[in-house]
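Here's the letter readout for the chains.
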Amino acid sequence: AQKVTQAQTEISVVEKEDVTLDCVYETRDTTYYLFWYKQPPSGELVFLIRRNSFDEQNEISGRYSWNFQKSTSSFNFTITASQVVDSAVYFCALRNPRDQGGSEKLVFGKGTKLTVNP
Amino acid sequence: ETGVTQTPRHLVMGMTNKKSLKCEQHLGHNAMYWYKQSAKKPLELMFVYNFKEQTENNSVPSRFSPECPNSSHLFLHLHTLQPEDSALYLCASSQVGGDHNEQFFGPGTRLTVL
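Residue numbers (our numbering), protein chains in the order written: chain A, 1 to 118; chain B, 1 to 114.
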């Protein structure tokens, strides 16, 4: 069974602090995809990153970085020098390509609500 | 227009009304999705359409009826809804079959059933 766990329900930080959002996943497959999405108060889910299971390179994009560790089934997301505009709910998701040709289903975690205070 | 658009953004309806939600994607994708996001549950996949064919119905009650006339448009027809159907309904699209398979979401329709 596929499962995504985001153990942190809510996190509150002060602007300029670094913050890491945890994501742990479960899947029996050796090939899969992981994603992070941001949902600001407006409601739209904004795609942030996709990672293939065979690519364990960590990635940095500006103040955002992602640490993919297959050994611990984790795909953590760090925001450096957080800003008020980073306040949102962040979702981690898993997709198994076994569904290719049929349905492509994302399994989402419950999300982590990040509040960055000025 | 860019990305995925949804109309209306907000909808209030009574339990006996019939209404429709509309989604349009401008990304050239071949798959579209309906999700439900309610306050106490994680994102729930409702329906999936690949190349206009419905490939997934995630045990959704028949009071929700999807329609996909072409690969760019997706509708969700609503009738005799219940108050517990109040939620944010999100539409998404993706390109099935390639490496760039991430789903792109619309802004959602905030539905309130009285």
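Just so you know, these hints were derived from the structure itself, not from any lab.
The beta carbon of each residue, even a glycine, is placed where N, CA and C say it ideally should be.
Keep in mind that the hints are not guaranteed to be accurate.
Straight-line C-alpha distance at most 16 Å; calculated EDC-like pairs for lysine to aspartate or glutamate [said to hold, decoys possible]:
#: 1; chain 1: A; residue 1: Lys3; chain 2: B; residue 2: Glu44
#: 2; chain 1: A; residue 1: Lys110; chain 2: B; residue 2: Glu84
#: 3; chain 1: A; residue 1: Lys105; chain 2: B; residue 2: Asp85
#: 4; chain 1: A; residue 1: Lys105; chain 2: B; residue 2: Glu84
#: 5; chain 1: B; residue 1: Lys40; chain 2: A; residue 2: Glu10
#: 6; chain 1: A; residue 1: Lys110; chain 2: A; residue 2: Glu10
#: 7; chain 1: B; residue 1: Lys18; chain 2: B; residue 2: Glu67
#: 8; chain 1: A; residue 1: Lys105; chain 2: B; residue 2: Glu24
#: 9; chain 1: A; residue 1: Lys38; chain 2: B; residue 2: Glu24
#: 10; chain 1: B; residue 1: Lys36; chain 2: A; residue 2: Glu44
#: 11; chain 1: B; residue 1: Lys41; chain 2: B; residue 2: Glu102
Okay, the calculated beta carbon distance ranges per label pair [as the list claims (entries may be wrong)]:
#: 12; chain 1: B; residue 1: Arg9; chain 2: A; residue 2: Val84; range: 17 to 25 Å
#: 13; chain 1: A; residue 1: Pro40; chain 2: B; residue 2: Lys52; range: 27 to 35 Å
#: 14; chain 1: B; residue 1: Pro69; chain 2: A; residue 2: Ile60; range: 19 to 27 Å
#: 15; chain 1: A; residue 1: Asp29; chain 2: B; residue 2: Ser38; range: 44 to 52 Å
#: 16; chain 1: B; residue 1: His100; chain 2: A; residue 2: Thr72; range: 23 to 31 Å
#: 17; chain 1: A; residue 1: Asn58; chain 2: B; residue 2: Thr5; range: 28 to 36 Å
#: 18; chain 1: B; residue 1: Met15; chain 2: A; residue 2: Asp55; range: 44 to 52 Å
Far from chain A, some chain B residues (derived; all Cβ distances over 10 Å) [what the hints assert, rightly or not]:
#: 19; residue: Thr2
#: 20; residue: Val12
#: 21; residue: Pro61
#: 22; residue: Ser62
#: 23; residue: Asn70
#: 24; residue: Ser71
#: 25; residue: Ser86
#: 26; residue: Ala92
#: 27; residue: Gln103
#: 28; residue: Arg110
#: 29; residue: Leu114
Right, here's what the structure says about each hint:
About 13 Å separates the Cα atoms of Lys3/A and Glu44/B, which keeps this hinted pair within 16 Å; it holds. For the given pair, Lys110/A sits about 19 Å from Glu84/B by alpha-carbon distance, which is inconsistent with the 16 Å threshold. Restraint check for Lys105/A and Asp85/B: not satisfied, since their Cα atoms lie roughly 22 Å apart, outside the 16 Å limit. In summary, the hint linking Lys105/A to Glu84/B is not supported, as the alpha carbons are separated by about 24 Å, beyond the 16 Å threshold.
Proximity of Lys40/B to Glu10/A is assessed by CA-CA distance (about 14 Å); at most 16 Å being required, the pair is judged to hold. The suggested pairing of Lys110/A with Glu10/A holds, with an alpha-carbon distance near 11 Å, which does not exceed 16 Å. Restraint check for Lys18/B and Glu67/B: satisfied, since their Cα atoms lie roughly 15 Å apart, inside the 16 Å limit. A distance of roughly 20 Å separates the Cα atoms of Lys105/A and Glu24/B; the hinted pair therefore is violated under the 16 Å criterion.
Restraint check for Lys38/A and Glu24/B: not satisfied, since their Cα atoms lie roughly 21 Å apart, outside the 16 Å limit. Between the alpha carbons of Lys36/B and Glu44/A the distance comes to roughly 13 Å, so the proposed pair stays at or under 16 Å and holds. The suggested pairing of Lys41/B with Glu102/B is violated, with an alpha-carbon distance near 22 Å, which exceeds 16 Å. Range check, Arg9/B to Val84/A: Cβ separation about 24 Å, and the 17 to 25 Å hint holds.
Taking 27 to 35 Å as the suggested C-beta distance range, the pair Pro40/A and Lys52/B conforms, at roughly 31 Å. Roughly 42 Å separates the CB atoms of Pro69/B and Ile60/A, a value that falls outside the hinted 19 to 27 Å. Range check, Asp29/A to Ser38/B: about 29 Å between beta-carbon atoms, so the 44 to 52 Å window is missed. Evaluation of the 23 to 31 Å hint for His100/B and Thr72/A yields a pass: the beta carbon distance comes to about 27 Å.
Taken as a hint, the range 28 to 36 Å holds for the pair Asn58/A and Thr5/B, whose Cβ atoms sit roughly 34 Å apart. Evaluation of the 44 to 52 Å hint for Met15/B and Asp55/A yields a pass: the beta carbon distance comes to about 49 Å. Listed as outside the interface, Thr2/B is consistent with that label: its C-beta sits roughly 12 Å from the nearest C-beta of chain A, beyond the 10 Å cut-off. At the 10 Å boundary, the C-beta of Val12/B stays outside the reach of chain A, the nearest C-beta of that chain being 16 Å off.
For Pro61/B, the shortest C-beta to C-beta distance to chain A comes to about 19 Å, beyond the 10 Å cut-off, and the non-interface label holds. With a cut of 10 Å on Cβ distances, Ser62/B stays outside the contact zone with chain A, its closest approach being about 20 Å. Listed as outside the interface, Asn70/B is consistent with that label: its C-beta sits roughly 19 Å from the nearest C-beta of chain A, beyond the 10 Å cut-off. With a least beta-carbon separation of about 14 Å from chain A, Ser71/B lies farther than 10 Å from that chain, consistent with its non-interface assignment.
No Cβ of chain A approaches the Cβ of Ser86/B within 10 Å, the least distance being about 14 Å, so the stated non-interface status holds. The claim that Ala92/B is not at the interface with chain A is violated, since a C-beta of that chain comes within 10 Å of its own (minimum 8 Å). Distance check for Gln103/B against chain A: the nearest CB is about 6 Å away, which does not clear 10 Å, and the non-interface claim fails. With a closest Cβ-Cβ approach of about 7 Å to chain A, Arg110/B is found to fall inside the 10 Å limit, against its non-interface label.
Distance to chain A confirms Leu114/B as a non-interface residue, since its nearest Cβ pair spans about 21 Å, more than 10 Å.
Hint violations for this structure: numbers 2, 3, 4, 8, 9, 11, 14, 15, 26, 27 and 28, all remaining hints satisfied.
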